[in-house]
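K.L.:
This is what each chain is made of:
2 protein chains.
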Amino acid sequence: MNIRSYTFEEYVDRVKSFHGFAAPGVVIGGFMVELAYQHLPEGGLFNVVCETAKCLPDAIQLLTPCTTGNGWLRVINIGRFALSLYDKSGGEGVRVSLDPALLEAWPEIKNWFFRLKPKREQDHGLLMEQIRKSGASICAIQKVRIAPDFLERKRRGKIGVCPECEEAYPLADGLVCLGCAVKIPYADRRGILRSVGAVDEGRP
Amino acid sequence: MNIRSYTFEEYVDRVKSFHGFAAPGVVIGGFMVELAYQHLPEGGLFNVVCETAKCLPDAIQLLTPCTTGNGWLRVINIGRFALSLYDKSGGEGVRVSLDPALLEAWPEIKNWFFRLKPKREQDHGLLMEQIRKSGASICAIQKVRIAPDFLERKRRGKIGVCPECEEAYPLADGLVCLGCAVKIPYADRRGILRSVGAVDEGRP
Chain A
1 MNIRSYTFEE YVDRVKSFHG FAAPGVVIGG FMVELAYQHL PEGGLFNVVC ETAKCLPDAI
61 QLLTPCTTGN GWLRVINIGR FALSLYDKSG GEGVRVSLDP ALLEAWPEIK NWFFRLKPKR
121 EQDHGLLMEQ IRKSGASICA IQKVRIAPDF LERKRRGKIG VCPECEEAYP LADGLVCLGC
181 AVKIPYADRR GILRSVGAVD EGRP
Chain B
1 MNIRSYTFEE YVDRVKSFHG FAAPGVVIGG FMVELAYQHL PEGGLFNVVC ETAKCLPDAI
61 QLLTPCTTGN GWLRVINIGR FALSLYDKSG GEGVRVSLDP ALLEAWPEIK NWFFRLKPKR
121 EQDHGLLMEQ IRKSGASICA IQKVRIAPDF LERKRRGKIG VCPECEEAYP LADGLVCLGC
181 AVKIPYADRR GILRSVGAVD EGRP
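Respectively, the protein sequence lines represent chains A and B.
Numbering-wise, our numbering puts 93 at position 93 of the first sequence, and it's gapless, one number per residue.
Numbering-wise, our numbering puts 125 at position 125 of the second sequence, and it's gapless, one number per residue.
Keep in mind that the hints are not guaranteed to be accurate.
Treat identical chains as interchangeable: a pair holds within one or across any two.
Unchecked claim - For lysine-lysine, the following DSSO-like pairs were computed, each having C-alpha atoms within a straight-line distance of at most 30 Å:
| # | residue 1 | residue 2 |
| --- | --- | --- |
| 1 | Lys133 | Lys117 |
| 2 | Lys119 | Lys154 |
| 3 | Lys110 | Lys183 |
| 4 | Lys133 | Lys154 |
| 5 | Lys117 | Lys143 |
| 6 | Lys54 | Lys110 |
| 7 | Lys16 | Lys183 |
| 8 | Lys158 | Lys110 |
| 9 | Lys88 | Lys133 |
| 10 | Lys154 | Lys110 |
| 11 | Lys158 | Lys54 |
| 12 | Lys119 | Lys88 |
| 13 | Lys154 | Lys16 |
| 14 | Lys154 | Lys143 |
| 15 | Lys154 | Lys88 |
In case anyone wonders, no lab produced these hints; they're calculated from the structure.
Bear in mind the structure is a predicted one, so any value in this text is a computation, not a measurement.
Based on the sequences and whatever the hints tell you, model everything.
P.N.:
Below, the structure is given as structure tokens:
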């Protein structure tokens with residue numbers, strides 16, 4: 001079974017190059033995206049919501065036009081290994097998830113998915129072989145309709161300059177930017193170099 | 001000025017292919033990532049935190065080993081056009097942001113960045129030309145230290161099966177998975193097809 005325009009081996013190579021290694025979750029994710037497309041009208045443009053931040057977003061970014069930065073992929077980290085492709089106007093689409101009940105036939109996938117064995121005791125070769133053989137047969141697929149309030153495109157409001165950090169921010173966020181309001185994720189920020197090489201310590 | 005191993009034109013082509021179009025924010029983001037690397041030890045491995053979900057994450061995913069799915073990139077959407085590359089053990093790194101004060105010399109970038117003109121009145125050709133010419137000169141760079149609690153790697157806890165949806169989820173999330181607890185983002189989920197083509201309407 002091919003994964004979009006790729007053979008299994010070609011897809012695994014793309015995973016290694018983008019994700020850094022042949023992560024089982026990204027490889028399984030490839031079959032999940034392929035399964036979703038098989039149940040959608042050909043040539044359609046779909047947005048994606050991904051229910052986990054782990055691995056699966058990279059399968060989506062490799063195989064669909066949707067990325068984190070273009071906003072067509074949204075990750076809502078609710079801890080389920082599932083994704084939905086949907087029409088952004090009406091919200092109709094399909095959801096593909098990994099079905100735990102179907103993993104009984106594939107013990108090494110089950111060990112990995114439920115973390116039943118420490119990583120060092122997992123057999124990566126056997127795991128990849130079971131993933132290749134099982135393909136999308138370990139997945140469930142459902143019709144879904146995305147909730148209207150999730151579909152709603154946020155209005156892009158006015159941009160201003162934060163009086164505290166002097167950087168641009170959406171004025172709707174408040175009197176100062178959220179970075180200054182909550183201070184995360186920095187313990188320390190200092191030593192502004194205005195441009196390459198030009199040191200300017202004058203700013204707080 | 002090159003952007004990592006790419007010429008400006010090569011990088012813009014990569015942006016089109018991954019992001020879908022030559023978005024100004026992803027192109028500027030290329031110079032920002034390049035500037036960050038110039039101020040970091042060569043050959044080091046760095047994680048990235050990105051302070052906006054718009055555009056910038058894709059520059060990071062194109063030019064660093066960090067992706068949404070492998071966890072080395074984290075997006076905290078605090079609305080600032082900035083990113084930090086840091087050493088994941090100690091948290092030391094550099095932060096690159098777009099400096100509003102430096103945009104005075106580049107009116108078309110300023111128009112785009114502060115949304116001073118409706119999109120249809122923007123001159124895309126002039127904007128790209130100003131981005132190419134300005135390069136990283138519109139950026140500020142600072143030394144940063146990421147806060148220890150942000151660096152902390154969350155322990156990967158036990159995985160169980162949610163009694164409501166029968167899917168796998170992190171047991172630490174509660175008695176049911178977060179998807180069942182909060183019900184987002186779906187208005188409707190039905191018609192489970194167990195595997196390709198095999199209809200099973202028996203599950204709720």
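K.L.:
None of the hints should be skipped; say for each whether it holds.
P.N.:
Hints, one by one, checked against the model:
1. Lys133 x Lys117: Within. Shortest intra-copy distance 21 Å satisfies the 30 Å Cα cut-off; inter-copy 54 Å does not.
2. Lys119 x Lys154: between (42 Å within a copy, 17 Å between copies)
3. Lys110 x Lys183: For lysine 110 and lysine 183, the Cα distance is within 30 Å only across copies (26 Å; inside one copy 41 Å).
4. Lys133 x Lys154: Neither. Shortest intra-copy (42 Å) and inter-copy (32 Å) distances fail the 30 Å Cα cut-off.
5. Lys117 x Lys143: neither (34 Å within a copy, 41 Å between copies)
6. Lys54 x Lys110: within (17 Å within a copy, 36 Å between copies)
7. Lys16 x Lys183: neither (35 Å within a copy, 34 Å between copies)
8. Lys158 x Lys110: between (49 Å within a copy, 13 Å between copies)
9. Lys88 x Lys133: Neither way: lysine 88 and lysine 133 sit 33 Å apart in one copy and 37 Å across, limit 30 Å.
10. Lys154 x Lys110: between (40 Å within a copy, 22 Å between copies)
11. Lys158 x Lys54: Between. Shortest inter-copy distance 15 Å satisfies the 30 Å Cα cut-off; intra-copy 33 Å does not.
12. Lys119 x Lys88: Cα proximity of lysine 119 and lysine 88: across copies only (21 Å, versus 39 Å in one copy).
13. Lys154 x Lys16: Between copies only: 24 Å across, 35 Å inside.
14. Lys154 x Lys143: Only inside one copy: lysine 154 and lysine 143 sit 25 Å apart there, 33 Å across copies, limit 30 Å.
15. Lys154 x Lys88: Cα proximity of lysine 154 and lysine 88: one copy only (13 Å, versus 33 Å across).
Violated hints, in rising order: 4, 5, 7 and 9; the structure is consistent with all others.
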